[in-house]
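**Q** Sequence:
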Amino acid sequence: MLGSLVESAATAIRSIAPAEQPAAEPVPAPDPADVYDADEMPEQETIEAAAREYERATEQARRADRGKRAAKKILDRLPAGQYGAWIVERLTSSRQTADLDAIRATYKRLGLGPVPMKSNAPSLKVRRAEVVPVEVEMVEVAA
345 MLGSLVESAA
355 TAIRSIAPAE
365 QPAAEPVPAP
375 DPADVYDADE
385 MPEQETIEAA
395 AREYERATEQ
405 ARRADRGKRA
415 AKKILDRLPA
425 GQYGAWIVER
435 LTSSRQTADL
445 DAIRATYKRL
455 GLGPVPMKSN
465 APSLKVRRAE
475 VVPVEVEMVE
485 VAA
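Using this note's numbering, the first residue of the sequence shown is number 345, and each one after it goes up by one.
Just so you know, the hints here were simulated from the structure itself, not pulled from any lab data. Hints may contain errors.
As the list claims (entries may be wrong) - Derived SDA-like pairs (lysine to any residue); straight-line CA-CA distance at most 25 Å: (1) LYS469 / PRO374; (2) LYS416 / ALA395; (3) LYS452 / SER463; (4) LYS469 / THR390; (5) LYS469 / PRO386.
Modelling step: build the complete structure from the supplied sequences, incorporating the hints.
**A** Rendered as structure tokens:
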């Protein structure tokens, strides 16, 4: 009896759970509509400086995020209160997000098929190009 009840519950959960999909390799996205025209292109040095700064800021943000997650592990488990010069509290957010489990259940109940989804905006990725040395043949010029 208990076994069939557990199996029924598992089947019901699987029917509304999102299907597991293997992680796909990122696909290059098309350029946005507002890219520079040939006559608007910044100088090479400006582009390289911007790429260097973007890479530096991205790494700095990663380090900050790792530090924030490590601190949050401790702070999340504290009861609300004052700890020395710091006050720990939890506030409700006014932000809302769609309840995908409820939406899936409604779609299933009404026989509407899968919930329509759309892709996120493409992510900007900047990485240093691999420099491949080129052999140059020296040609002597007669004077």
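**Q** The structure should be examined with respect to each hint, and the outcome stated for every one.
**A** We went through each hint and held it up to the structure:
| no. | hint | result |
| --- | --- | --- |
| 1 | LYS469 / PRO374 | 13 Å, holds |
| 2 | LYS416 / ALA395 | 31 Å, violated |
| 3 | LYS452 / SER463 | 22 Å, holds |
| 4 | LYS469 / THR390 | 17 Å, holds |
| 5 | LYS469 / PRO386 | 19 Å, holds |
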